[in-house]
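Q: In the order they appear, the protein sequences are chains X and W.
Each residue of the first sequence is one higher than the one before, counting from 1 in my numbering.
Each residue of the second sequence is one higher than the one before, counting from 1001 in my numbering.
Simulated from the structure, these hints should not be mistaken for lab results.
Keep in mind that a hint or two might mislead.
As the list claims (entries may be wrong) - Subject to a maximum C-alpha distance of 27 Å in a straight line, what follows is the list of computed DSSO-like cross-link-like pairs (lysine-lysine): (1) K1196(W) x K73(X); (2) K1188(W) x K392(X); (3) K188(X) x K1073(W); (4) K196(X) x K1073(W); (5) K1188(W) x K1208(W); (6) K73(X) x K1188(W); (7) K1392(W) x K1128(W); (8) K1392(W) x K392(X).
Small disclaimer: the values here were computed from a predicted structure and weren't measured.
Number of protein chains: 2
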Amino acid sequence: MKADKMIPTVVIVGAGFGGLRVARALRRAPVQVVLVDRNNYHLFQPLLYQVATAGLEPEEIAKPARAVLRGQKNFDFRMIEVTRVDFAAKRLDTTAGPIAYDFLVLAPGGETNFFGLASLQRHGLGLKDIPDAITIRNHVLTCFEQAMLEPDAEKRRALLTFIVVGGGPTGVEMAGALSELIRLVLVKDYPRLNIKDVRILLLEATDKLLPALPERLREAAGKTLWRKYVEVRFGATVADFDGRQAHLKSGEIIPAQTVIWAAGVRAAPLTATLGLAPARQGRIPVEPTLQLAGHPEVFIIGDAAYREQDGEPLPMVAPVAIQMGESVARNIARQLRGQPLEPFRYHDQGTLATIGRNAAVAHVFGLQLSGFPAWVMWLVVHIIQLIGFRNKLFVLLNWAWDYFFYERAARLITRD
Amino acid sequence: MKADKMIPTVVIVGAGFGGLRVARALRRAPVQVVLVDRNNYHLFQPLLYQVATAGLEPEEIAKPARAVLRGQKNFDFRMIEVTRVDFAAKRLDTTAGPIAYDFLVLAPGGETNFFGLASLQRHGLGLKDIPDAITIRNHVLTCFEQAMLEPDAEKRRALLTFIVVGGGPTGVEMAGALSELIRLVLVKDYPRLNIKDVRILLLEATDKLLPALPERLREAAGKTLWRKYVEVRFGATVADFDGRQAHLKSGEIIPAQTVIWAAGVRAAPLTATLGLAPARQGRIPVEPTLQLAGHPEVFIIGDAAYREQDGEPLPMVAPVAIQMGESVARNIARQLRGQPLEPFRYHDQGTLATIGRNAAVAHVFGLQLSGFPAWVMWLVVHIIQLIGFRNKLFVLLNWAWDYFFYERAARLITRD
């Protein structure tokens, strides 16, 4: 387990977008790369809401980390959990013993932020990993099965009321996909279902959906959701949810069995164990080079890193993590050659969000698109970014099938 | 929920091969069909071992019961568990209240039979449903991840020793698929793995694999497994397994972390709650017409029914359940028309078992095939029998991909 004295060891914590990019970009560098993650796979999180709405199978948007980097000679993977970082000794404590490093890249990602609301943490459904997505899928389908058995009309309506909290990309895409799952597919499965009993609400605390987009596209997104019978509500904040009723801050009470929580993300719990003072959302402030102050051999990237640019904190999204990963790999190579490091600068390539069949909004390359053209662009961009030709092929086939046959293949209730 | 007095209600318990066939065959009969199952899907069990060995995704071999019978006017599905049958009152007690029936078809299927061995029930891995298959997949892949971290050579070899118990079709197919998963795919994922540390054992208590087949094919199956480095052991009975060591009846001790139990099946636990005297394996004896003695309106089919033919009990396999389902549907229609019922007779169409790439044994239509021709026949038969064109397409694509690229896509460790 000891690194060769001649070849420095770069340990990367996390096989998400950022960590994987660092590992790949170091493939020709004179280093040994060790990637650790508590899962054995890389997950393409932007399509997780499609697993939650029975459109895709989890295996189609995930790929084993060992398979992704199989051809890379200087690469090693370990499925372990990091319990502590000893920055002074340059050592990680893990569930499988200590690992020494010469360079450390922390890319542990983010988790659902319930903002300390204990009742929502208990009864609300987050959407950050595969078990989350399967839980939502099982829960939504089970609500329909139970509604079919429920003679009490009020209880039945509560079973068929689905609240999505948060008007960012995840909430918007989730609400749109849920509406299509129910109104295009489940109506065929449940001929005795009265569609008037179904409610889907999208609750946003501010007065804006998709705040990163220009106003025209924000309005288009809201209208498209409304046309899909999603009740889009602004200035609506959920204060409490006991699994039966959602209490809003306004005093409004909504009987519902489902609250999907897409209202916030914070840095992964590992950041809280580092003994460092976090900034907002538990993120750790880093130098312009993404180094940890006082530890030039330690880099933090992605959702776990806090960095402002032009007076605004960088968003917790995949493109930031990917670009940070590329920057860190370059800077590690520079450091080994004794060259000065370059500061990181994020180049925003735009925002895309889909709202269902033929409907999306896109703000990319200075273009503002909505409707069908944006939807086509969304499809192309996501297929290109999926890792592995097999995943691309199977996701595309699934999408084509669902598009033409108004289907969702994966509507199994699988939890034992 | 009350049935129309004019139209008799046929309640079918179980959406397996038998139950589904009854529901379909009654589509034009003057009855209301109610199918109940604790899962919302029909599972194609013969391919479950491929989910366990990361070759297929669970969604590809299962289909929601509502989707299978979507077009059928006289059909209703309820996802509930039956807790009791009141034969006198013609009523089922369920987790969602009582259901009255005019005809009842019990098709609850089978479960893994550990023959009362408590330690194997606790530490052994059965293979009867989707959670079982995912558990085996997660367990096998986790053993490899842990072996990579294990400095102790003895512990590492125990992590890489996989014992399959039972030389029937499930055990043979499982052992063959496991060998190919490890020797063709995982060796690429784990370049530091010493393949000599890996052992796969197939333990059979008698001196025969696949006892339903003629001797030539039995021998061919055993030889093919051996060539795939599966240690096929006859007269070997596992007496105890604590999760670290398997103790055989002979006194032999095999250090191993994995025992996959494919040594037996018994009737589903529902049969034990009926107040009826079971025959072997918890199966309920039925009349030649598959009726329950004294209850002409109750039929029992599939793994839960006990019936002998030509002095031998009918095997617990899908073709028996399917043919029983067809017979029962015909007999219900005859009973409604006041015609006498016809006794059931099983027509054995043969046996097929695959052992890996290009290798299978088949005894069908009087033909005895082995090797490549049997393998092609196995592929064709299984693709035809899969329910739904989408499942056929995706399974075929997966198989083609794995065949040409020596891959297994679904090797994720997904349990949370």
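Q: Indicate, hint by hint, whether the structure satisfies it.
A: Checked hints:
At most 27 Å may separate the alpha-carbon atoms for a hinted pair to count; K1196(W) and K73(X) meet this at roughly 22 Å. Proposed proximity of K1188(W) and K392(X) is supported: the alpha carbons are some 22 Å apart, at most 27 Å. Taking the CA atoms of K188(X) and K1073(W), the gap is about 12 Å. The hint holds against a cut of 27 Å. Between the alpha carbons of K196(X) and K1073(W) the distance comes to roughly 22 Å, so the proposed pair stays at or under 27 Å and holds.
For the suggested pair K1188(W) and K1208(W), the alpha carbons sit about 34 Å apart, so the restraint of at most 27 Å is broken. For the hint linking K73(X) to K1188(W), the alpha-carbon distance of about 12 Å falls within 27 Å, and the restraint holds. Between K1392(W) and K1128(W) the alpha-carbon distance is near 21 Å, which keeps this suggested pair within the 27 Å criterion. A hinted pair counts as satisfied when its Cα atoms are at most 27 Å apart, and K1392(W) with K392(X) qualifies at roughly 19 Å.
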